[in-house]
Structures are given as structure tokens and as C-alpha cells.
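Engineer: These are the residues of each chain, in order.
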Amino acid sequence: MIRRLWKVAFAEWKLIYTDPAAVLLLVVAGLIYAFYYPVPYVYQTVSKVPVAVVDLDNTAMSRELVRMASAAQQIEVKAIYPEMKQAETAMARDEIYGFMVIPENMEKNIRGKHQTTVNIFTHGAYVMFHGAIGTAFSTCALTIGATNKVKQIAMSKQVPSTKAIAMRDPFPVSIQTLYNSTGGYANYVVPSVLVVILQQSLIIGICVLGGSRAHRRFRKKLRDSPVENESLPYRYFGRSLAYFVHYCSFILFYHCIVYNIFDFPRRGELLPMVVFSVVFLASVINFGMVVSQMFLRRESSMQLFLYMSIPVLFLANFSWPAYLMPSWMTAISYILPSTFAVPAWLSIEQMGADIYDVAPKLYQLAIQAVVYLVLGLVLTRARDKAKIDIGDM
Amino acid sequence: MVLNGLLKTIRKIYFGHNIVLWMILVVLPIGVSLFTVGMFSSQIVQHVPIGIVIQDNSQLADKLEAKLRSSPVLDIKMVCPDMGECEHAVVRGDIQGFIVLPNDLERRALRLEAPVIPVYSSGQNYLTNMFTTKEIRAVLSAAGSELFTAQMADPVKVQIHSVGNLKSNYQGFLVLGLVTAIFHLAAMIVGVFVLSFPLRDHRVKEMLGYAGGSRFTLWFASVFPMNIILWLETVGCYAYCHRLLAPLTLDEFVITAAAQLFMILACSGAGVVFVGLTGVMRMATGAAGVIGSPAFAFAGQTFPVMAMPFAVRCFAFVLPLTHVLMIQSTMLLGDVDMAPAWESMKILIGMALFWNILGAFLMSMRWKQFARRETEYEDKMRTDSEASA
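Chains as they are written, first to last, in numbering that gives the first Met the number 0: chain X, 0 to 392; chain Z, 0 to 388.
Watch out, some of these pointers could steer you wrong.
Calculated pairs, SDA-like style, for lysine to any residue (alpha carbon to alpha carbon, straight line, at most 25 Å) [to be verified]:
#  : chain 1 : residue 1 : chain 2 : residue 2
1  : X       : K112      : Z       : L146
2  : Z       : K76       : X       : Q363
3  : X       : K112      : X       : V158
4  : Z       : K76       : Z       : R110
5  : X       : K156      : Z       : K156
6  : X       : K84       : Z       : V138
7  : X       : K77       : Z       : I159
8  : Z       : K367      : Z       : F252
9  : X       : K150      : Z       : A152
10 : Z       : K133      : X       : L177
11 : Z       : K7        : Z       : I356
12 : X       : K107      : Z       : T148
13 : Z       : K66       : X       : V172
14 : X       : K112      : Z       : V138
15 : X       : K6        : X       : A381
16 : Z       : K156      : X       : R66
17 : X       : K112      : Z       : K76
18 : X       : K156      : Z       : A113
19 : X       : K47       : Z       : K133
20 : Z       : K11       : X       : A71
21 : Z       : K367      : Z       : E377
22 : X       : K47       : X       : E75
23 : Z       : K133      : X       : S46
24 : Z       : K133      : X       : V149
25 : Z       : K133      : X       : Q363
26 : X       : K150      : Z       : D153
27 : Z       : K156      : X       : R110
28 : Z       : K66       : X       : S137
29 : Z       : K133      : X       : M67
Hints were generated in silico from the structure; no laboratory data involved. Please read all numbers here as calculations on a predicted model, not as lab measurements.
Please take these sequences and the hints and turn them into a complete structure.
Structural biologist: What follows is the structure, encoded as C-alpha cells:
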């Protein structure tokens with residue numbers, strides 16, 4: 000029995016390596032994307048974003064604020080303008096991505112114990128610049144405010160400066176990042192994308208090879224070959240075995256090589272990783288087997304799933320929380336293995352979760368695997384009984 | 000005569016019961032774009048699930064908890080008896096972070112010892128973590144300033160404005176770029192499909208026959224309708240997404256629409272070149288997918304191009320999407336200065352011309368080759384049937 004399964008699996012591998020489209024999807028895509036996606040984010044964080052300051056006050060305090068802004072790591076003050084129009088023009092020319100406006104009479108107001116407002120403008124199209132520029136400028140402006148407030152407290156309440164600092168901020172907040180301590184963008188985005196790459200390339204690859212086919216043109220040519228005429232369970236499970244072993248090697252490659260090269264956190268324990276690999280690949284392979292039966296032409300699956308790549312990525316919950324999506328979209332997302340696989344993978348690999356922590360998500364993947372297995376077998380059987388001239392594959 | 004041939008070829012290509020073509024030309028790009036818009040319909044991040052560990056049994060701790068609960072951004076899902084439980088909940092993905100209100104918080108705060116409140120965020124979700132930590136800091140700072148200096152206003156107040164995206168909604172930030180990226184990919188895939196299905200189905204001679212033997216007519220009949228349809232779809236979907244932001248002026252609309260047209264031309268031209276180079280639909284679609292699918296990651300809207308390595312910046316420059324997004328983002332700023340948009344526009348026009356001229360040349364050669372092959376095959380079949388007869 001095992002021998003018959005392996006025989007089908009070997010035949011499938013041979014087929015993969017003799018079909019250029021399958022090689023592109025099942026071998027090259029997995030390898031190239033593993034390096035292609037992380038490379039843009041190799042520096043992880045945004046620093047030295049070009050910005051400007053519009054100084055309408057032109058006093059010692061405003062110059063101190065400019066000096067503090069120049070020392071901030073996230074931004075680089077490229078110019079100091081006397082009026083806003085110049086800063087707006089520079090932003091439109093992409094010379095700067097934000098600017099701070101120091102208002103007229105800032106020093107006078109602060110010394111006179113009146114509140115003054117510092118406005119920060121960022122480019123509305125770039126979310127990362129918005130965060131970096133806003134944080135850097137507001138930290139500088141609030142520091143100036145805090146220094147003056149401490150002085151006011153010390154003078155009005157007649158307390159030493161240490162006590163005045165404590166009165167201004169009685170319980171300071173210390174923010175600790177548990178699993179992405181550098182705040183790197185690559186650490187956040189790439190591990191999730193790698194799971195989606197595995198899923199998409201495997202599904203399209205299975206569709207291109209026709210799943211456990213009965214409708215491929217070469218079956219006409221190879222109708223006498225024992226593998227193509229193997230009974231349904233052997234054909235189905237033998238081919239699944241080929242994809243399973245092939246993609247296990249990819250998971251190993253990502254874990255041992257890609258994660259090392261790009262220095263991503265690697266806290267995965269052996270048991271949860273093995274269980275994850277089994278249920279995730281079982282779910283994706285059976286899903287691919289089901290979907291492959293629905294296409295009459297092999298390349299149609301590529302066209303469909305290439306379009307789907309962006310929604311699939313966002314439905315995986317790592318970028319935009321599922322509870323903020325409409326409920327019908329959340330329901331659709333349950334069809335895809337990545338919806339459960341991405342959070343499970345992040346918990347295991349990035350956060351070092353044990354098997355009990357990720358069990359609920361692994362159960363959901365296992366349920367998907369079983370449902371798609373049954374569907375896959377039923378559809379394959381239906382295909383087997385259909386006329387061989389369906390489609391032109 | 001030429002016009003007749005052109006119309007007949009267009010009819011045969013686009014209305015010859017080609018369901019897949021209409022799926023990838025109309026249904027999928029519009030459907031996926033609207034789906035993506037709908038995904039971000041809540042616009043801003045709210046109700047982020049967090050946990051809280053209350054070690055201090057005091058009025059101040061109760062007050063802080065109440066203030067955190069009243070924040071619309073935060074949702075206290077768990078009150079953990081110890082830090083370990085909250086940490087496991089973070090690992091499971093149930094909460095995004097947790098706050099520890101330490102022992103003797105009130106006592107030490109009243110004695111001006113400045114006890115630190117630790118906030119632990121998962122760090123694994125960039126957007127929700129950013130909003131969560133910012134909100135927690137704001138809530139706790141506001142509560143702190145009320146304790147001793149309630150009557151004393153902060154000397155400096157900061158207001159952050161996102162120009163062109165006043166509400167700072169995530170939909171405004173992302174969806175405009177995502178929708179353009181979807182059509183960037185769509186143009187490549189459709190370009191590949193329209194030019195390669197006659198090769199796949201051995202219908203080159205037939206198509207050339209409809210075009211009156213003119214390869215130029217066949218090329219024009221293939222590329223013209225798809226570019227116009229995709230462009231109209233892009234403009235329509237973009238306008239639909241833009242409704243939440245400040246309305247575009249006529250000038251801005253014209254420039255954005257022109258940039259989108261040249262992007263569609265450049266991308267469909269690139270798709271045609273992939274077909275010309277490979278001659279096989281599967282391979283050309285694969286190439287289009289490898290380049291087109293991740294284009295959004297390289298185009299600079301989520302992670303800025305200036306922070307990427309030099310080689311990646313070069314690749315980003317070659318992508319039409321990068322230049323369209325630059326124009327679109329410039330238009331968000333209003334009529335400050337439209338001159339910078341022209342630099343990107345010139346690059347897009349250059350790309351559109353280059354890819355289309357190269358694509359037309361390569362396809363002309365492919366059609367010649369495939370027509371010859373089809374003739375040889377027909378001759379062979381005829382000879383075989385005569386021999387068997």
C-alpha cells in the first residue's frame with residue numbers, strides 16, 4: 000500500500016520538474032518570494048525622514064525647539080521656512096514629508112502662562128511617515144512644554160524640581176514591546192506574508208497540475224500509464240503526499256535559512272511547529288485539490304488567485320483586525336486556511352507559543368482539512384466519471 | 000475595409016464567448032477593488048482588545064481603569080489576576096497588550112515617588128499596537144495631570160494634521176493605493192490573456208484573417224478595448240474610494256486620470272512583452288504575477304521607498320505603480336504645486352511607449368511564427384488524411 004502511494008508521489012514530483020509552469024510556481028516562487036518580499040524592509044524602521052520647520056516665532060525658545068527636532072532620530076530637518084506656503088510647496092515636491100509650525104508669540108505665551116498650540120502637518124498618503132514625523136515633532140514640542148510646566152509648578156508650589164517633575168507626571172508610563180522589540184516593519188509583515196506565499200503558490204501549483212486529475216490532456220496520452228490509472232484513493236493521497244513532503248521542505252527552509260538570514264525572531268518549538276505543518280499543509284492541499292476540479296483550463300487558476308492575493312493577505316487578520324471588517328467578510332475568510340494559519344504561525348514562531356496556546360487555531364485548520372478532503376474526494380470521483388474531453392488540459 | 004476588419008477582430012476577440020476574459024477584465028478587478036474598500040469600511044482602529052492587571056486596590060487604580068474603559072479605541076477584554084495570564088492571552092492573540100497597575104500605585108503617587116506603570120504590547124501588529132500604546136499613554140497622562148495640577152494647563156498643546164486625509168482614516172491611507180495596485184496587476188494579466196489566447200488555441204491564422212492579414216490591425220484590436228475598459232474601471236473605482244476624502248478639483252482629476260491611463264498602457268504593454276518573450280500563456284501569466292502581485296509592497300505607500308536598499312529602489316522606479324502613487328499622493332495635497340506631478344507623468348508616458356512598442360514588435364514576430372506553424376500543421380494533417388484515404 001505504502002509502495003503504491005510513493006509510486007504516485009514520485010510520478011507527481013517528476014511531473015512537477017518537467018512542467019516549466021509548475022516549476023515556476025512550486026519551486027521558483029517559493030524560493031524567490033522568500034527573499035524578494037523581505038528585501039525592501041531590510042532596514043526595518045524609517046529614520047531620517049526629510050522634514051521642515053516653519054518658525055513664525057523666531058525666538059530663543061523656538062530655536063531650541065528646532066535644535067531638539069534636528070537631534071531626533073526619526074527625522075531630518077532639511078529646511079527652516081519663515082512662512083507656511085514654502086513648506087507646503089516643498090511637501091508637494093516630495094522634498095519633505097511633513098513640517099511643524101511654531102506659532103507666533105510662542106515664547107511670549109508660554110512665559111505669560113498662556114497655552115500655545117504647535118501644529119504638525121504630515122503627508123496624508125504615507126502612514127509610516129505620519130507616525131514617525133508626528134511622534135518626533137510632538138515629543139520635542141511636549142518636552143518644551145513639560146520643562147516649562149515643571150518650572151511653573153516649582154515656582155508656584157514652592158517645591159524642588161524633582162517633586163515638581165513628579166507632580167507634573169505622577170505615574171509615568173513605560174511601554175515594553177514583548178515580541179518585536181525593535182519595532183521593525185519586516186518582523187511584523189514578512190512572517191505573515193511567507194505563510195500566504197506558501198498557501199497561494201501551493202494552491203495555484205496544484206491547480207496547474209490538475210489536482211488528482213481526470214481531465215488533463217496528457218491523461219489521454221498516458222492513459223496506459225499505471226499511475227494515471229491508479230485507483231482514486233491512491234491517486235489522491237499519493238499526489239497529496241508529494242505536495243506535502245515538498246512543502247514541508249519549504250517550511251524547514253523558511254525556518255532554518257530565511258529567518259536566520261533576515262534575523263526574524265525564531266522562537267518556535269518543535270512539537271507545535273510539526274503539528275502546525277501537518278494541519279496547515281493538509282488544509283491547503285485539500286483546498287487546492289477541491290479548487291483544481293473547478294477549472295477547465297490550468298492557467299485560469301493563476302488568473303483568479305493572482306487577483307485574490309491582496310484580499311487574502313488582508314483577510315489573514317494580521318494587518319487589519321477581523322472584528323473591524325463586516326461580518327460577511329469574516330465569514331468568507333473562514334474558507335481560507337490562511338485565516339487561521341497566519342495567527343497560528345505568528346503565535347508559534349514569533350511568540351514561542353506552546354501547543355495548548357495555539358490549539359484552537361490548529362483545530363480550526365484540522366476541521367478545514369477534513370471538510371476539504373471529503374469534498375476533494377467527491378469532486379475527483381465526479382471528474383473521473385465525466386467524459387475525458389472536458390476542458391483542454 | 001480596414002475599419003470593418005478592425006471591428007470584426009474586436010468582436011471575435013472580446014465577444015467570442017470568452018467568459019474568462021470578461022471575468023479578468025471586468026468582474027474580478029471591480030469585485031476585488033470593492034471588496035478591499037469594504038474591508039476597511041470602519042475606517043479607524045477602535046475597540047482594540049487589551050488586558051489589565053490590577054495589583055493595587057485603591058481609588059486611583061479604579062479611576063484609571065474606568066478612564067481606560069471609557070476610551071473608544073480600547074476594549075478591556077480581560078482583567079488578569081497575574082501577568083502570566085495576560086501574557087498567554089497575548090500569545091494566543093486574544094488581546095493586543097496589557098497594562099499593569101502596580102502595587103502601592105496610589106500611595107507612591109501621592110508621596111511623589113513617580114511609580115512607573117508598565118504597558119506591554121505584543122509588537123506583532125504594527126497598526127493596532129501603534130494606536131493602542133498612543134491611546135493608553137494619552138489616557139494615563141491626562142489622568143496624571145489631573146492629580147496635582149488640574150488647574151494648570153499644559154503650556155504647549157500639539158495638533159497633528161494629516162494633509163489630504165483629514166480624518167487620518169486607514170481607508171484613505173491605504174485603499175486608494177490598493178485599488179490602483181489591483182488595476183496595475185489586472186492590466187498585466189489581461190494584457191497577457193488577450194494576446195496569448197490565440198496562440199494557446201491555435202487561432203492566430205483565424206484572427207489574422209479577420210484583421211485582413213494586417214498584424215497592426217490585430218494588435219490594435221487586441222489592445223485598444225482592454226486599455227479603455229480597464230482605464231474607465233480604474234477611474235471609476237478610484238473616484239468611489241476618494242469620496243471619503245476632500246473632493247478633487249477638475250485639474251487634479253484630469254492629472255490623476257491621465258496618470259492612471261498611462262499606467263494601464265504601460266502594464267498591459269508589459270504583459271504583451273511577457274507573451275512575446277515566452278509565447279506561452281502559463282509562463283507569461285506567471286511572470287506577470289511574480290512582478291505584479293507584490294508591486295504594492297515596493298511602491299512606497301506602506302513602507303517608504305527612501306528607506307529601502309538601493310537595488311530595491313531601482314526596481315521600485317521601474318514599476319509604473321510607484322509613479323502613479325506619487326501623482327495620486329501629490330493630488331491629495333491640493334493645488335499647492337502641480338509641477339512635480341509632471342515629472343512622474345513624463346516617466347509614465349515613457350514607460351507606456353516603451354512597453355507598447357516593444358510588445359507590438361515581439362507580438363508581430365510571434366504571430367508570424369505561429370501562423371507559419373499553424374499552416375505547416377494543417378498541411379501535415381491534410382497530407383496524413385490523404386495518405387490514409
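Engineer: Confirm or reject each hint.
Structural biologist: So, going through the hints one by one against the coordinates:
Restraint check: the Cα-Cα separation between K112 (chain X) and L146 (chain Z) comes to about 20 Å, which is no more than 25 Å; the hinted pair holds. Taking the CA atoms of K76 (chain Z) and Q363 (chain X), the gap is near 23 Å; set against the 25 Å cutoff, the hint holds. A distance of roughly 18 Å separates the Cα atoms of K112 (chain X) and V158 (chain X); the hinted pair therefore holds under the 25 Å criterion. At roughly 32 Å between alpha-carbon atoms, K76 (chain Z) and R110 (chain Z) are farther apart than 25 Å, so this suggested pair is violated.
Note on K156 (chain X) and K156 (chain Z): the hinted pairing holds, with a Cα-Cα distance of about 23 Å set against a maximum of 25 Å. Only pairs whose Cα atoms come within 25 Å are accepted, and K84 (chain X) paired with V138 (chain Z) is rejected, the gap being roughly 35 Å. The hinted pair formed by K77 (chain X) and I159 (chain Z) meets the criterion: a straight-line CA distance of about 19 Å does not exceed 25 Å. With a CA separation close to 42 Å, the supplied pair K367 (chain Z) and F252 (chain Z) exceeds the 25 Å bound.
A C-alpha spacing of about 13 Å is found between K150 (chain X) and A152 (chain Z), which places the hinted pair at or below 25 Å, so the restraint holds. Taking the CA atoms of K133 (chain Z) and L177 (chain X), the gap is near 16 Å; set against the 25 Å cutoff, the hint holds. The hinted pair formed by K7 (chain Z) and I356 (chain Z) meets the criterion: a straight-line CA distance of about 24 Å does not exceed 25 Å. The straight-line distance between the Cα atoms of K107 (chain X) and T148 (chain Z) is roughly 22 Å, inside the 25 Å bound, and the hint therefore holds.
The straight-line distance between the Cα atoms of K66 (chain Z) and V172 (chain X) is roughly 15 Å, inside the 25 Å bound, and the hint therefore holds. The straight-line distance between the Cα atoms of K112 (chain X) and V138 (chain Z) is roughly 24 Å, inside the 25 Å bound, and the hint therefore holds. Between the alpha carbons of K6 (chain X) and A381 (chain X) the distance comes to roughly 24 Å, so the proposed pair stays at or under 25 Å and holds. Between K156 (chain Z) and R66 (chain X) the alpha-carbon distance is near 19 Å, which keeps this suggested pair within the 25 Å criterion.
Of the supplied pair hints, the one linking K112 (chain X) and K76 (chain Z) is violated, its CA atoms being roughly 41 Å apart against a limit of 25 Å. Between K156 (chain X) and A113 (chain Z) the alpha-carbon distance is near 17 Å, which keeps this suggested pair within the 25 Å criterion. Only pairs whose Cα atoms come within 25 Å are accepted, and K47 (chain X) paired with K133 (chain Z) is accepted, the gap being roughly 22 Å. Simply put, K11 (chain Z) and A71 (chain X) have alpha-carbon atoms about 63 Å apart, too far for the 25 Å limit, and the pair is violated.
For the suggested pair K367 (chain Z) and E377 (chain Z), the alpha carbons sit about 15 Å apart, so the restraint of at most 25 Å is met. For the hint pairing K47 (chain X) with E75 (chain X), the CA-to-CA distance comes to about 5 Å; that is within 25 Å, so the pair holds. Only pairs whose Cα atoms come within 25 Å are accepted, and K133 (chain Z) paired with S46 (chain X) is accepted, the gap being roughly 19 Å. The suggested pairing of K133 (chain Z) with V149 (chain X) holds, with an alpha-carbon distance near 23 Å, which does not exceed 25 Å.
Taking the CA atoms of K133 (chain Z) and Q363 (chain X), the gap is near 34 Å; set against the 25 Å cutoff, the hint is violated. Distance check on the hinted pair: K150 (chain X) and D153 (chain Z) sit about 12 Å apart at the alpha-carbon level, within 25 Å; holds. About 15 Å separates the Cα atoms of K156 (chain Z) and R110 (chain X), which keeps this hinted pair within 25 Å; it holds. Only pairs whose Cα atoms come within 25 Å are accepted, and K66 (chain Z) paired with S137 (chain X) is accepted, the gap being roughly 23 Å.
The hinted pair formed by K133 (chain Z) and M67 (chain X) meets the criterion: a straight-line CA distance of about 21 Å does not exceed 25 Å.
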